[in-house]
Each structure stands twice: as C-alpha cells, then as structure tokens.
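Colleague: Now for the letters of each chain:
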Amino acid sequence: MSEIRGVVEVVVPGPYATVQDLGRPGYAHLGVPRSGAADAPALRLANRLVGNPEGHAGVEFTFGGAVLRFSCGAWIAVTGAPCPVEVGDGDRWRPAGMCAPVWVPAGHRVRIGMPWRGLRTYLAVRGGIAVEPVLGSRASDSLSGLGPAPLAAGSVLPIGRDGPLGPIAVDQVPPRPVPEEPVLRVLPGPRDDWFAPEALAALCAGPYTVSPDSNRVGVRLRGAALRRARRGELPSEGMVGGAIQVPPDGLPIVFLADHPPTGGYPVIGVVASADLPVVAQLRPGDRVRFTLGGRRTRITR
Amino acid sequence: MRGRTGEDERVRANTREAAGIRRAGEHALLVETGSLRLSHRLDGLLRDRRPPEVTEIVPGPETLLVVAPGGDLDRLGALLAELAAEARARPDDDAGGDAETVVIPVVYDGADLAEVAELAGLTVAEVIARHTASELVVGWLGFAPGFAYLTGLDPALHVPRLPTPRTCVPPGSVAVAGPYTAVYPSASPGGWRLIGRTELRVWDPAADPPSPLRPGTRVRFEAA
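Chains as they are written, first to last, in my numbering: chain A, 1 to 301; chain B, 1 to 224.
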C-alpha cells in the first residue's frame, strides 16, 4: 500500500469523520487504546464489498453530512447507519445504493446524507485509505490522538494501489437493520459485587436514554442510577470494549472503540460482543435496554 | 445435556473464583493478584507461555487483565490459576519484571520544584537526592500512551496533585503526585507537580517497542 493510486479530497467532512481500520490491539499494556471502527462489522462488510481485506482503512462518518471528491475512478461501498448516498458530477447527482459496490468515475463526488436511523456510516474504497500507519494501524484515536487527525474540509486521503485484492463478487447485500429500542445482552462482572444486590435488576429494568455527550470513547446513559454496595476506590484495572463502567453518580457508560485501556470505576457488566455494533449506532436521545445473558454456553463449550 | 453443561460451568466458575479469576465479558478474564508485585510476576510468566489467542495482557495495581478473543476461556482460566499459584510461591524478594534498569537523565529545573521541596519540608538539593536515590519500578501504563506510573518513590516526596491541572504539560516533563513519579510522554493536560525534564524519549510510536518502559521495568533517575 505504499504506492498511491489517487486521492480522496474531503469537500465537506460532516459533523465528525475519521479514518478507521480495525485498530491497534496488543498495546493496551503501554496505555494505547485499541481504537478502530466503532461498528467494526460495518467496516469489514464495506471492505469485503469492494474486494479489500477486511482490515483496510475506510472513513467513519458521524451523522453523515459529507461530500468527498475522487481524483481517480474508484469502487466504493457505503455501509452502517442507512443514509442517502449520491454520486455526482457538477450539479447532477444520481442516487447510489448502500451495501453495494458503486463505481465513482474520476473527478466525481460522493455525497453521504444524514442517516435515517443509527449514527455511524462507513465508506470503503477499493485499495483502502493509505495514510501512514501508526503502531500498525491507520485508525484515528480520539482519546490518545494517535493516527490521522479527524477529517476537515480540504483533507486529502491517498487511495492505496489495487494490488492483490479480491474480486468484486456481490452486487448488493441486505443492510443490517438498526433496531429502534435495542436490547443489549449483558454478562455480569467483573465488579458486580461492588453494587447493591438490586443494581443489576435496575440496569435491566428501565430504558436508558443516550446522552448527547457520548462519543467514540463511550456511550453515556441517563436513567436509573446504579447504587453501590461498597465505598472507596477501586484500584485502576484493565478495561475491555463493551464494559459498563459506573462512575460515582451511578449512571452507566458503555465503552466503545477509543475507551481507555485501564480505568478506576467498577464495571458492573460487559455487553455481549455481538451487540457492540448496536451500541456504536446509538444516537443521542435513543432509548436502549439491557438484559442478562451473555452467551455462556458458546463460551464454555 | 443442558443441565450437565450448567453444572460443569458452575464447577468451572467455582474453580476460577477460588483462584480469584473473574470474567470480564465473553473474551477476557481478570485475575485478582492483590498486589502489583504479583501482577508483574504473573504478567512475566504468562508472556513466557502466552497462548496464541491472547491479544492483551494488562497489569494493574491489584489485577491482571487477559484478553483472548475467540479463545477457550476455561483452558485460559486453568493456565492462569496454575501460573498465579506459581507466582505466589516465588520468594518475596523476587520482584519479577525486567532485570535491566532504564536510567533517565533529568535536568531538575521544574516549575514546581521549589514548591515540592516546601511541601516535603526539604531543600531542593534533598528533593533531587531522594528522587535520584529511589529504586523505581514501572507499575502500569495509562492516562496516555507511554505514561508510566513509577512506583517506589521515596515517601518524603509524596505530595498532592496541583489543585488546578495545567492545560498543557510539555513532553519529557518529570513530575510527582501522590506515591508516584512519571515522565510525560507527550504534550497533554496534567495535574502532577513538575520537578524537571528529560531529553530521553519515553514514547516514540515509530520505534519498536514504542516505549522503553513497560510494566515491571526498573527505572532510576540521574541528575544531568
């Protein structure tokens, strides 16, 4: 990917857009967050649709609202939060589908609209976004600042060479539905014993509302406060993605891709990994519920 | 069949619990070591016998987090219980960790040096002498990539954080707060008290490894 085939010029980045791949695992003990696409399956799918390896870098849009210009002809695919996608030349725009390979002729632009539902939309380009990797990843990490800066008007992203890519073999795949009031499965612990006996039931009882100060680090929730059984401070310990961390105010935070590798608030439970992409698509004001039931049987056998 | 599986799971869960091993979601186990020393020993033993599916080993002051996506957590739990027993059986003076000591040259001219001396009831020269005499060990890293919490600081130098954190601390700043001392790896906000600065780069993403400091590394400061 050292050779460059052309560039994507960011005309309008939308509210928040970043380059993302599957992140930089293996450095948590050095204080490095994993980062990478918040909705990883959506990025993987977009890559597969254009024949890329699943870990190639693409663009993660938040609330869409973006326009990109391609200096060379390129195959792209848009996945994640469903939104209008258009390809245009001058003032003429034609609609293009989501979850499908789309040819963008040289000099044309792609417009990513505001999603009807969900939060994060992904764009993959055949050959991948070829910005310089940092610690083996091109992901933009909002917590540590590693990787490329968030996209701004005028940002230029190199497109990697076609190289040994797979064929473009599928015309379209059914989009993954974005549930209206999702129910997230939770595996209790590791620190459920720091909470009052009824806290897990309280977590699973009422709906929580997604707070506007949510970001790639975590989704902050408003609703029933979870009462602690223990006072005092938990010594800082390693954290996993999907961890439901509970600060002293009792309001849970679900950790996403840029979560800190260690933390000092007790984790009452961890969201099932299959449900993490759903968390990544929650937008402020959305309602969400929890239910007990990690996938125990699958884990133990 | 189902009942049997449930019973097996209970037995395994009880075994894990007895060894102080907790589930952290589907893909990770959290071992309660109870001490930093034991976290480091277990970290070292596990790194030597690391199963291929383990992606992260994260020591904390009283825990070790082991992440193994798609791995068999029962087998991992059994291995961790065995290694934890081995770590506990080691004599107390065997700290584990790395044999090599990283020496960090410091120019002691930090903006808070005089205040630290005052809080500690020492002269500036005594602060420097005690800081350079401390035999330090990297406890764990956090807050920012490459930010190592160095443990073993002379108790006389345990001073509270600044009441108002600075918005930007330059990289290479050497600081103290509570029982810890550290080198700021990159420019960031920070509430630790600055006593000096070093030219040694403790964080370089282009280097492999990106930091000379990892959990268990021994560290000594030297007046430059």
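Calculated from the structure, these hints are not laboratory results.
Just so we're clear, the structure is a prediction, and the values are computed from it rather than from any experiment.
By construction, the Cβ of each residue, glycine as well, lies at the ideal position given by its N, Cα and C atoms.
Just to be clear, a hint being listed does not mean it is correct.
Stated by the list, open to error - A partial selection of chain B residues facing chain A, derived with a Cβ cut-off under 7 Å:
1. Ala19
2. Arg22
3. Arg23
4. Ala24
5. Glu26
6. Leu30
7. Pro51
8. Thr55
9. Glu56
10. Glu62
11. Pro170
12. Ala207
13. Ser211
Colleague: All hints, please: hold or fail.
Modeller: Results for each hint:
1. A least Cβ separation of about 14 Å between B/Ala19 and chain A goes past the 7 Å threshold, and the interface hint is therefore violated.
2. Because the closest C-beta pair between B/Arg22 and chain A is about 4 Å apart, less than 7 Å, the hint holds.
3. With a least beta-carbon distance of about 5 Å to chain A, the hint placing B/Arg23 at the interface is held under the 7 Å criterion.
4. Because the closest C-beta pair between B/Ala24 and chain A is about 5 Å apart, less than 7 Å, the hint holds.
5. Annotation: interface hint on B/Glu26 holds; nearest CB of chain A at approximately 5 Å, less than 7 Å.
6. Contact between B/Leu30 and chain A, as hinted, is supported at the beta carbon level, the nearest pair being about 4 Å apart and thus within 7 Å.
7. With its C-beta approaching chain A no nearer than about 14 Å, B/Pro51 sits outside the 7 Å limit, and its interface hint is violated.
8. The interface hint given for B/Thr55 is met, as the beta carbon of that residue sits about 5 Å from the closest beta carbon of chain A, less than 7 Å.
9. Annotation: interface hint on B/Glu56 holds; nearest CB of chain A at approximately 4 Å, less than 7 Å.
10. For the restraint placing B/Glu62 at the interface with chain A, the shortest Cβ-Cβ distance is roughly 5 Å, inside the 7 Å limit, so the hint holds.
11. The restraint placing B/Pro170 at the interface with chain A is violated, with a minimum CB-CB distance near 15 Å, outside the 7 Å limit.
12. At its closest, the beta carbon of B/Ala207 sits 10 Å from a beta carbon of chain A; the interface hint therefore is violated under the 7 Å criterion.
13. Here the hint on B/Ser211 is kept, as its CB sits about 5 Å from the closest CB of chain A, short of 7 Å.
Of the numbered hints stated above, those contradicted by the structure are hints 1, 7, 11, 12, listed in ascending order.
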